[in-house]
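J.: The primary structure of each chain is shown beneath.
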Amino acid sequence: MLLLNKIVSKPVPYLMSVSVVLLLIFTSATVFGQSRPVTLRVQTSIDFFNDDPNDSELAYRAAHEAFLAENPNIRIEFEIVPPFELYRQFLVAAEGRNAPDITYQGAANTYTLASSGNVLALNDYMDGHPFLNPDNLQSAILDVATVDGQYYVIPTTTDARVLYYRKDLFEAAGLDASAPPTTRAELIETAQSLTQDTDGDGETDQWGYCFIADNTLHTPHMWLTHVWAAGGDLVDADGKAVYDSEAGIAAAQFYYDLVNTYEVTPSNIIANDYDATVRALVSGQCAMALLGTWSWPVDILGALGEENVGWTPVPTPEGGEAATFSGGWSWLISSRSDHPDEAWAYIEAIASEELALELGRENISTRQSVLSSPEIQDTFVANVGTYAAGAAHGNPQVTSTQPLFDGLRQALQDVIRGRQDAQTALTQAAETYNSRYAR
Amino acid sequence: MISSQPQSSQENVARRSAQFKPWRNFSEYIWVAPAFIFVLFFTFYAAAYAIWLSFYDYSLASPVRPFIGTENFQRLFQDAEYWQSLRRSLLFVAIDVPLTVGMGFALALLLNQPIRGRWLYRSLLLLPWVISLVIAGYMLKWIFAENTGILNYLLSLAGIAQVPWLSSDAGAFATVVIAHAWRVYPFGMVILLAGLQGISKELYEAAMIDGASGRQRLIHITMPLLTPQFLILLILRTLLAFNMVDLIFTMTGGGPGNATSFLSYMMYQRAFSYLDLGYAAAIGVTIFAINIVLALVYFYVLRRNSA
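Chains as they are written, first to last, in my numbering: chain S, 1 to 439; chain F, 1 to 307.
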């Protein structure tokens, strides 16, 4: 208090003293700062570089440490962000001119990030690269990674949606567990056999087929597999929503029929999230379910065992083509990075062929050379990866993915609940999106 | 020296005005400055910035952000989803505030009685309040899950058919109301209990001597003397209920359809999912205006009643 009163009574000398001290601090910081090593800020998810000692984590850690040993002038600062917050946090950081040099992002966000101007086009780095060149990518992954002919992401691993089925419940229902359904008609027929009142109380306890139709992104991702299989799409070349294409209406009608006409799917799927659907499959409440490949090793195979559960490609309509949705994860470099070359060098180290092979044992690689590697042949990831390589489609290239998907899932829920017919619901949703958000 | 003579308020003001010398009181400003700067930056600046944003087509996904005047507001007022969300928010507030304040008041009255183990009941009843709303949301989502939730399981033991808690519009809305009421009633309970303990027992004794019944004592002594607590509680509960996002986010995601998409959730979604900050700011400005109107209505009604 006494000091404060002294400062107030004679402010000029004190202000001058403070100014001189601050000037000295800033000058010394600038001088010493020149001899500092390059610091790269890497924004990544909690999946990496934590203390989980599984193989992929250890492989990453080894590559990371080898890079640091080879580049003593480079320091890496990690910012750990939950996976589904990465996108927002990167954009907000970029907005505040504080974006990390490298960011790890879901493949679905590539177009938005590229449109925002906050990520670097990587053609100069990727073209001609022995392993990370775009020609080595699966075609669906390359489509998503490319915006107006520029590559913005270095994809690492991907996923696909497949049909999981309970072999034990097939056998209990007198079905051949080695011949899961391949067409929509077979799916309905099989699901009808599997839909049962097991305790005789008049209520269905075991549903033939479950899919996701809640308020999450899984709903449009799953539905799209049926649309693509019938030759349709979500948006046209101008970025306008075309939910109400012939294929779209047929896919929505298929949902309605599963719940209301054939009664092989519970009506409460509109409130069941992804995890609830996994639990329903594992607990036997659902005999078949459309889910992502990431759930296979632990949640499904780990819980049920190979003798009780299997997977098969998404059933297609008669005459349709194999189709599934692929997402996945990628590395990106900020367009505001002061050290793009060092950032690329680091990504080269942690996305190397050796590491991709290591990761490819548990996750579907985006690289064709890894998928065809003899080291991983006849594994789940190799088989499902081969399926995805031929059938996968990626996220539509629109700036506003969320409103595109929100309008769609509301329309689908209305169709499932019988509030609107498929044509009306999808047309209205498409018109709403196109009038407000279409590019 | 403190005068023992009562002074009129005009005299007080005049005396303070005569003593007000900013250059001498400079150090007082310095002490107040940190709090003032904090409020200035995080409240007034943030509010002003949101109003400024609402006049721009401001998307995080686009580097071009043109000034569009009142277009966001025009779009907003023509947006059927906005009006539906507003109606849902007002309905939620109309149910949630009386319910939570009523529950809090009833429990406060009970806990104010000289019952054995009162401290234990107080602690137990306070528990929901100390649970994070996000954790409570996930927990309640599992409890209310239609096929796998424990609530439907218990109902089935009693022979009651499965209730579509989260897969029907009315069920999901009711579930959010129930969950929110369970989570926030202790707030009202604590505030009103503190108020009850401040009321002199002599007033009740005097009323009893005059033959006042329990109901009369409640209506003519307890409730009028709790007016300040009710005022604060109603304002805070209204604002908090109107602006609630966390429970919707974790329990229903606004669904099924848009059945539980309240105005605050719509704003959150437009800002952080659609990245449409200009439009979200316009929604925020209208929420701000509605909150002020609701607060003023409470002030007016309760002031008039207490007068």
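It should be emphasised that the hints constitute simulated quantities derived from the structure, not laboratory data.
Be a bit skeptical, because a hint or two may be false.
Simulated coverage check for chain F against chain S, where a stretch passes if three residues somewhere in it have a Cβ under 8 Å from a Cβ of chain S [claimed, not checked]:
(1) 37–44
(2) 280–288
Interface residues of chain S toward chain F, partial, derived using beta-carbon atoms under 10 Å [what the hints assert, rightly or not]:
(3) Glu65
(4) Leu68
(5) Ile74
(6) Arg279
(7) Arg419
Built from N, CA and C at the ideal position, the CB exists for glycine as well.
J.: If a hint holds in the structure, say so; if it does not, say that too.
T.: Outcome of the hint check:
1. Only residues whose C-beta sits within less than 8 Å of a C-beta in chain S count toward coverage, and the segment 37–44 of chain F has 0 of them, not enough to reach three; the restraint is violated.
2. With a cut-off of 8 Å between beta carbons, the segment 280–288 of chain F has 0 residues touching chain S; three or more are needed, and the interface restraint is violated.
3. At its closest, the beta carbon of Glu65(S) sits 35 Å from a beta carbon of chain F; the interface hint therefore is violated under the 10 Å criterion.
4. Taking 10 Å as the C-beta cut-off, the interface hint given for Leu68(S) is violated, the closest approach to chain F being about 33 Å.
5. Interface restraint check: Ile74(S) against chain F, minimum CB-CB distance 30 Å, threshold 10 Å, status violated.
6. Satisfaction of the interface hint for Arg279(S) is found here, the shortest Cβ-Cβ separation to chain F being roughly 6 Å, below the 10 Å cut-off.
7. With its C-beta approaching chain F no nearer than about 8 Å, Arg419(S) sits inside the 10 Å limit, and its interface hint holds.
Against the hints set out earlier in the document, violations occur for numbers 1, 2, 3, 4, 5.
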